[in-house]
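Could you build all of it, start to finish, from the sequences and the hints given here?
Chain by chain, the residues:
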Amino acid sequence: MPRLSLYRPNKTNDYRFLDNTIREMYTVGGMDMYVHKYLGPKTVGDSADRDTGDATRPVYDESNPLFIEDVLFLENRDREYDDSIYIMRGVYNAQDIDFDLTQFGLFLNGDTVFVTFHYNDMIDTLGRKLMAGDVIEFPNLKDYHPLDTSGPKALPRYYVVQDASFDANGFSQTWLPHLWRVKLTPLTASQEYNDILNKPMDEDNPGAGTIEDFVSQKKKNLEINDTILQQAEVEVPSSGYDNTGFYVVPTKNDKPINHEDVADGDSTETPGVSSQADGYLVGYLTGNNIPPNGKPVTSGVAFPGSPAEGDYALRLDYFPNRLFRYDGARWVKVEDGVRTDLTPGSDNKTQRSGFVNNSETITTTDRGNISSRQSLSDLLKPTKDN
Amino acid sequence: MALQSFFYDEQIRRFLLQFTRIFSNFQVEYGRNDSGQPTYTRVPIRYGDSSKQASVIMADNSANKIPNSPLMTFHITSLDYARDRMQEPNFVDKKVFRQRTWDDETQTYEQTQGNAFTVERLMPVPYNLTIALDIWTTNTTMKLQILEQVLTLFNPSLEIQSTDNYVDWTSLSVVELSNTTWSSRGIPMGQDTSIDISTLTFSLPIWISPPARVTKMGAVHKIIASVFDANGDAKEALVNDDLLLGTRQKITPFGYQAVLIGNQLQLLEHNQVESNEETLDPAQGQPSSIFWKSLVDVYGELRAGITQIRLTIPGTTSEVVGTVAYHPSDDHYLLFTVDEDTVPTNTLTAVTAVIDPLTSGPGDGLAAATSGQRYLLLNAIGDADNTDASDAWGSLVASKNDIIEYDGTNWAVSTDASATSTTQYVTNLTTSVQFKWDGTTWTKSYQGLYEGGEWSLVL
Numbered sequence: 001m002p003r004l005s006l007y008r009p010n011k012t013n014d015y016r017f018l019d020n021t022i023r024e025m026y027t028v029g030g031m032d033m034y035v036h037k038y039l040g041p042k043t044v045g046d047s048a049d050r051d052t053g054d055a056t057r058p059v060y061d062e063s064n065p066l067f068i069e070d071v072l073f074l075e076n077r078d079r080e081y082d083d084s085i086y087i088m089r090g091v092y093n094a095q096d097i098d099f100d101l102t103q104f105g106l107f108l109n110g111d112t113v114f115v116t117f118h119y120n121d122m123i124d125t126l127g128r129k130l131m132a133g134d135v136i137e138f139p140n141l142k143d144y145h146p147l148d149t150s151g152p153k154a155l156p157r158y159y160v161v162q163d164a165s166f167d168a169n170g171f172s173q174t175w176l177p178h179l180w181r182v183k184l185t186p187l188t189a190s191q192e193y194n195d196i197l198n199k200p201m202d203e204d205n206p207g208a209g210t211i212e213d214f215v216s217q218k219k220k221n222l223e224i225n226d227t228i229l230q231q232a233e234v235e236v237p238s239s240g241y242d243n244t245g246f247y248v249v250p251t252k253n254d255k256p257i258n259h260e261d262v263a264d265g266d267s268t269e270t271p272g273v274s275s276q277a278d279g280y281l282v283g284y285l286t287g288n289n290i291p292p293n294g295k296p297v298t299s300g301v302a303f304p305g306s307p308a309e310g311d312y313a314l315r316l317d318y319f320p321n322r323l324f325r326y327d328g329a330r331w332v333k334v335e336d337g338v339r340t341d342l343t344p345g346s347d348n349k350t351q352r353s354g355f356v357n358n359s360e361t362i363t364t365t366d367r368g369n370i371s372s373r374q375s376l377s378d379l380l381k382p383t384k385d386n
Numbered sequence: 387m388a389l390q391s392f393f394y395d396e397q398i399r400r401f402l403l404q405f406t407r408i409f410s411n412f413q414v415e416y417g418r419n420d421s422g423q424p425t426y427t428r429v430p431i432r433y434g435d436s437s438k439q440a441s442v443i444m445a446d447n448s449a450n451k452i453p454n455s456p457l458m459t460f461h462i463t464s465l466d467y468a469r470d471r472m473q474e475p476n477f478v479d480k481k482v483f484r485q486r487t488w489d490d491e492t493q494t495y496e497q498t499q500g501n502a503f504t505v506e507r508l509m510p511v512p513y514n515l516t517i518a519l520d521i522w523t524t525n526t527t528m529k530l531q532i533l534e535q536v537l538t539l540f541n542p543s544l545e546i547q548s549t550d551n552y553v554d555w556t557s558l559s560v561v562e563l564s565n566t567t568w569s570s571r572g573i574p575m576g577q578d579t580s581i582d583i584s585t586l587t588f589s590l591p592i593w594i595s596p597p598a599r600v601t602k603m604g605a606v607h608k609i610i611a612s613v614f615d616a617n618g619d620a621k622e623a624l625v626n627d628d629l630l631l632g633t634r635q636k637i638t639p640f641g642y643q644a645v646l647i648g649n650q651l652q653l654l655e656h657n658q659v660e661s662n663e664e665t666l667d668p669a670q671g672q673p674s675s676i677f678w679k680s681l682v683d684v685y686g687e688l689r690a691g692i693t694q695i696r697l698t699i700p701g702t703t704s705e706v707v708g709t710v711a712y713h714p715s716d717d718h719y720l721l722f723t724v725d726e727d728t729v730p731t732n733t734l735t736a737v738t739a740v741i742d743p744l745t746s747g748p749g750d751g752l753a754a755a756t757s758g759q760r761y762l763l764l765n766a767i768g769d770a771d772n773t774d775a776s777d778a779w780g781s782l783v784a785s786k787n788d789i790i791e792y793d794g795t796n797w798a799v800s801t802d803a804s805a806t807s808t809t810q811y812v813t814n815l816t817t818s819v820q821f822k823w824d825g826t827t828w829t830k831s832y833q834g835l836y837e838g839g840e841w842s843l844v845l
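Heads up: the sequence lines are chains R and A, in that order.
Just so you know, we're using this note's numbering here: the first sequence kicks off at 1 and counts up by one.
Just so you know, we're using this note's numbering here: the second sequence kicks off at 387 and counts up by one.
Be a bit skeptical, because a hint or two may be false.
DSS-like, lysine-lysine: derived pairs with alpha carbons at most 30 angstroms apart [said to hold, decoys possible]:
#: 1; chain 1: R; residue 1: Lys153; chain 2: R; residue 2: Lys220
#: 2; chain 1: R; residue 1: Lys220; chain 2: A; residue 2: Lys602
#: 3; chain 1: A; residue 1: Lys602; chain 2: R; residue 2: Lys142
#: 4; chain 1: R; residue 1: Lys11; chain 2: R; residue 2: Lys183
#: 5; chain 1: R; residue 1: Lys129; chain 2: R; residue 2: Lys183
#: 6; chain 1: A; residue 1: Lys438; chain 2: R; residue 2: Lys153
#: 7; chain 1: A; residue 1: Lys438; chain 2: R; residue 2: Lys295
From the derived model, a few chain A residues whose C-beta atoms are all more than 10 angstroms from chain R [as the list claims (entries may be wrong)]:
#: 8; residue: Ser391
#: 9; residue: Leu537
#: 10; residue: Asp550
#: 11; residue: Thr556
#: 12; residue: Ser564
#: 13; residue: Gly572
#: 14; residue: Ala753
I should point out that these hints are in silico values taken from the structure, not numbers from a laboratory.
Heads up, the beta-carbon is just placed ideally off N, CA and C, and yes, glycines get one too.
Dropping the structure here:
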């Protein structure tokens, strides 16, 4: 007589009976969960374009969850998710969560959810076990009443799988597991999940915005950042100091007025009298290429012909541009325009901008136009032609 | 009990605004587009210590709103008094600034001088502001991309300005990277959160300043060049005005002279005219190439009818004060409207004219004699021994400087100068010039020349 034992090394009818019973229990008592299946590192475009020649960052021609994008840091940054949504029945214990005020503004403290799925059902549906990186949407947690009602009707709730393993409660009398337990934490709107979040929220109206636009705080953060920048630019429009609102007494021969060449009774503005310099307004980063007292200036790459004494000229071929004043015999330097815009752009003349925001190109005889900005590690190395 | 006046200049707030600006607009790689080319996303930065309600609003009051990465947030970790940078706490820096005229219509500065101010700035208080910048990333590559862009800026510091106001001497500081914390995670990574926080700590040596004191710049009324009296006592010399005419020198800018001609003031070079003319005729304009506007602009803006010129009557401490305005057509002159209350009071009835009785007489160069006519004589007339009365003056016998008056029948001496030793004032009705009798001669009382130091401009 064989020994009485429910254990079987193989999956027998006992196992299948119990497994079908459990599956039915999940079908009856569980809820639908939408699974965004992770396919592997993203493969878009021509693999040759993605090839950086770095062996630690191999280029793949197909998506495969076996692949690792960066074997140095051991991370997959650009992930590809299946466009299809897999619906599986799962069971979890709902729990209260607290809003936690942190620097991010809002975290959900304790919002870690453990969900169990019927194992074989999962394999049949997904083709593999749920793994870290899979994203699960909870349809029962859709928020139909966000504060901002101008967006979609409801905000979906996304979680990402952190850990997955057999559920300790999912072993039957046969000692074989029937349940797969995953540990979920809320999704972060980051590069890793861009393939999901970058899709239109409304497929019928793709111009209305992506899922990220509505679900993530990124858009709001950028708006706040822009508002702060706007005010910062108002308060310090350029580096250095603005002295254009101040008056400098015009001088000649160190006297505040012209004593010569003026007919008695002539009360018109004296020719040749203009400020020789910014006087008491000279300081650190005050050169702005604006003549003292806002007098007219002629700009160009050469000095104007037939100047009158006291005329100003701004030479644009100097870097930084240089302001001169004609003293009757020669053009005397007044100042260099050293004030500059601090916001990145063409008007930003800072050293930082000159090296980092450098979009200049250089024409070569054998390599066409090459970028003026080059990383030191690649400096002047030959590059491929296509 | 009076309350202390409120002031708040948002000094630290403005540094935080610019701190935000420094770390704005960085980008990181954010996947690839359909053609395989890398795409980039901007890294937002904002203040980290947000209020609960603002956080909830940003999250749409929904637990489904998810945080984003990459992100930078910052918050103040400390604000400590910098004892090592303390300087004389009671020091007051004084600077004079002249503004260009502001055109309200065009909202631009004109090329002319507007108001002039004296700005007094009290020594600001040094503080060290420490700010922690948290960099929130979800992978190591992203973190390195941000750090490489940020860290190259700090070697070890970057300048920061809270304003571009030329007068604000506290606006310039530096942001110095003082510490870095690589990760908020434990190594090896075992926690659930996908977000990693790298923290950069920055130190800003800043100054916090009370409000400045701004006053309207006045004219250089007098410059006391010699502040010590004969005994070497500076304090006594400063407070004792009696010394002004003794050991002190009064200096007018450039030593310019001013001449009051009727109701007009002319500006002359230093020592251009040696002394007042000894005539009782109105002063005459002198050749001059000095414009009032050029001088006034050195000190501020002339406001017609408000700006004063004060003339110190020579030999006295009394001042004749008048408001001035630019001459509409000749900038050599100012129109001077005298404050009659400051003019010496006439002690004698006004005279009709100043005349030489030997060259003119009633009905002959002068108006026919009528009762009440009074003349100040530049020459003597008549002789007590002469019994043949003149056709013009009858039997009048008067001396030079006397004032004569016609009573309807005869001319008679009204004021006998030789018998008058006290100071007398009388106005000439023909020229409106007031004269002063000092016991010896008649002179113009306040019209005429004023040397440098004897007149001043009050803007």
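Hints versus structure:
1. Lys153/R to Lys220/R: holds, 19 angstroms
2. Lys220/R to Lys602/A: Roughly 47 angstroms between the alpha carbons, so the hint for lysine 220/R and lysine 602/A is violated.
3. Lys602/A to Lys142/R: At roughly 66 angstroms apart (the allowed maximum being 30 angstroms), lysine 142/R and lysine 602/A break the hint.
4. Lys11/R to Lys183/R: Status holds; Cα separation ~27 angstroms.
5. Lys129/R to Lys183/R: holds, 13 angstroms
6. Lys438/A to Lys153/R: Status holds; Cα separation ~25 angstroms.
7. Lys438/A to Lys295/R: violated, 53 angstroms
8. Ser391: Non-interface label on serine 391/A holds, nearest chain R Cβ at 24 angstroms vs cutoff 10 angstroms.
9. Leu537: holds, 13 angstroms
10. Asp550: violated, 5 angstroms
11. Thr556: The claim stands: threonine 556/A keeps its Cβ more than 10 angstroms from every Cβ of chain R (closest is about 12 angstroms).
12. Ser564: Holds, because the least Cβ-Cβ distance between serine 564/A and chain R comes to about 20 angstroms, which exceeds 10 angstroms.
13. Gly572: holds, 15 angstroms
14. Ala753: holds, 35 angstroms
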